[in-house]
Amino acid sequence: MAEITFLEAIREGLSEEMARDPSVFCLGEDIGGFGGAFKVTEGLQSRFGEQRVIDTPIAEAGIIGAAAGAAHYGMRPVVEMQFIDFVSCGYDMLTNYVATARYRAFLPCPIVVRGPSGGYVRGGPFHSQNPEAAFLHTPGLKIAYPATAEDAKGMIKAAIRDDDPVLFFEHKYLYRRIKGTMPEGDHVVPLGKARVAREGTHLSIVTYAATVWKALEAAEQLEREDGLSVEVIDLRTLLPLDDEAIVATVKKTNRVLVVHEDTVTGGIAGEITARINELCFEWLDAPVRRVAAHDVPLPYAPPLEDFVLPQTSDIVRASRWLAAY
Amino acid sequence: MAVPTLPSPLAIPSGLTRDQLLELYRWMRLTRTLEERLVALYRQTKVVGGLFRSLGQEACAVGSAFALERRDVLSPLIRNLGSMLVKGAEPVEILRQYMAKGDSPTRGRELNIHFGDVVDRNFVGQISHLGDMVPVMAGVTLTFRMRNEPRVGLVYVGDGATSTGAFHEGINFAAVQRCPLVVVVENNGYAYSTPTCRQTLAEQFIDKAIGYGVPGVRADGNDVLEVYRVTREAVDRARSGGGVTLLELLTYRRKGHAEHDNQSYVAPGEIEHWAAHNDPIDRYVERLTGEFGFDPEMLRRTDDEVRATVDEATDQAEASPPCVGPDALLGVYADPPAMPTLWYRAGEGSAVSEHERPASWGTHDG
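Those protein sequences? They're chains P and Y, same order as listed. So the first sequence is numbered by my numbering: it starts at 1 and just counts up by one. So the second sequence is numbered by my numbering: it starts at 326 and just counts up by one.
Incorrect hints may appear among the rest.
Claimed, not checked - With a cut-off of at most 27 Å between alpha-carbon atoms, the simulated DSS-like pairs for lysine-lysine come out as follows:
no.: 1; chain 1: P; residue 1: Lys-193; chain 2: P; residue 2: Lys-252
no.: 2; chain 1: P; residue 1: Lys-193; chain 2: P; residue 2: Lys-251
no.: 3; chain 1: P; residue 1: Lys-179; chain 2: P; residue 2: Lys-193
no.: 4; chain 1: P; residue 1: Lys-39; chain 2: Y; residue 2: Lys-580
no.: 5; chain 1: P; residue 1: Lys-39; chain 2: Y; residue 2: Lys-533
no.: 6; chain 1: P; residue 1: Lys-39; chain 2: P; residue 2: Lys-179
To be verified - Per the computed footprint, the stretches of chain Y lying under chain P, defined by three or more beta-carbons under 8 Å from a beta-carbon of chain P, are:
no.: 7; segment: 359–369
no.: 8; segment: 519–528
no.: 9; segment: 647–655
Said to hold, decoys possible - Partial list, computed: chain Y residues near chain P (C-beta under 7 Å):
no.: 10; residue: Gly-433
no.: 11; residue: Arg-434
no.: 12; residue: Val-449
no.: 13; residue: Gly-450
no.: 14; residue: Ile-452
no.: 15; residue: Ser-453
no.: 16; residue: Ser-488
no.: 17; residue: Gly-490
no.: 18; residue: His-493
Because the hints were derived from the structure by calculation, they are not lab data. Quantities reported herein were computed from a predicted structural model and do not represent experimental measurements. Note that CB positions come from ideal geometry on N, CA and C, so glycine has one too.
My request is simple: use the sequences and hints to build the entire structure.
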């Protein structure tokens, strides 16, 4: 089978789910005839019609709320945020209404809120965000953040089929840079299961999304230059976290670096570090360390953005520190 | 051939002087020439990120901002470059900003025309989240009312932003509080690819004014004098305690949402029609040289001056230094002035450069 891009993989997943299940429909800004700001939904409206690929007014709270209402009555809406940075406009709906729906009122709310996230693209403070940690603290939501094209397809399908609301982050740096060959048949990747992206024995890098690729680059360099065998864990789902996979890699390598693109304070790495302490502290030969973005809004100018975000060379340096500890 | 300047056969509208009429022309021409220069720089990959044009909408921004005084506060949106120029933004600032230079108004933190100056020239930097500036400007003008300062605010939104909760909450709050605020809906037919008919079923945006209990005035946004006139009335009303006015300016977005957008969603011939028959600068030139008897040679001289200004600003901006990475850590809080460099960067050329805190950077005591 031919390789397709990360972006095309998501489109294929959406398309297959819409074909499989008539209750699945998409709504968002400019997603219909235009196919979305990044063209993820291109062609879906001509295939499935305007009733199932709906161009909405600019109203994130409105469309997330509407998706929730439709979901209560048996639909499975997929909402696009034009940029995930705009999910903040729907924060009230997501955290107060959607996330609590099942718990407080036994309301089914199987919606997916998806959109392009992440930096390294000179997008400035409002087109580069990684707001996953803001929702990690919201019981009732699930958070998926794939790194490979295969996972992007398999996980969007799993997210649509999930009976709970799922935030689905699509790193825009990966959209057209990453390709993959899709497995035959109904390719669904279950939420909540991490992936070993690279086997190793000396230390582990636990990460997700775009920094999986930076960690893999760093791992290669460390093997070449230092003879270090680095394991890379791609979390894939952030809520729920795959504790089993995290513990397994800790027990295997005894040294852990947690890497993410989001800012360090209050980021997911803190939660992962706490879990490692609670679940397998005695297996550690070194403190768990974090490589994450500096605590500033993401600036636009290339030298500034490059400084703020974690780079491959940072992961290499941090890994050397950890290996030498 | 120079045409002799004739005395104007008609009274000049809205009490403008002949110098002011020419000034309006100059601001529109500067807007267009500066944006054309930005396109050239964009194609040379000297612009970092997207480029947003206001081609065909220059009269909306220029005519409305011209109705404000220096003490009044303007909140521009992405197609209101012209209003910022009127308010005192320098072409070199715009160019440095688009080129992500170290001495750009936001020191490389923000993009394009997302910057402001609340100390002197009184315009507030926008964010990308549409509608958010309406409640902000409600608060700015609430302050003027509370302090009995005879100052007015003007905030632009597009047709798209009227669909947001922030727009609704902001204008309603400003109306109830009788804030001296002019809310301009610049209706250019499209929000990205979405036509206005998919944004609202209201036949006109001023219909919404009824719901907020404020006057709504609709005007031809490509007639700079008409834009000036209706804005001036709204500004005068606001200054004299009459509260909020909702203005709807009808115009047309002749370029895509940003430079990358090929406008595949626009009906064939539509853009060309507006370009040929309803260009705000062409229309104004016709009035200036006809009705008001301006010498076309005078306008050509203005064009040359504008080009020279933009040339000079381009040279200056190109010579500006790039940003210095560690400076990204400055200015998140008033105190501490810089965030710490994270452990994994220690020793990697991570010192912030010595540089002054710009006067308008987030403090009131300078």
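Violated constraints from the hint list, given by number and in increasing order: The structure conflicts with hints 5, 7, 12, 13 and 18, although it agrees with all the remaining ones.
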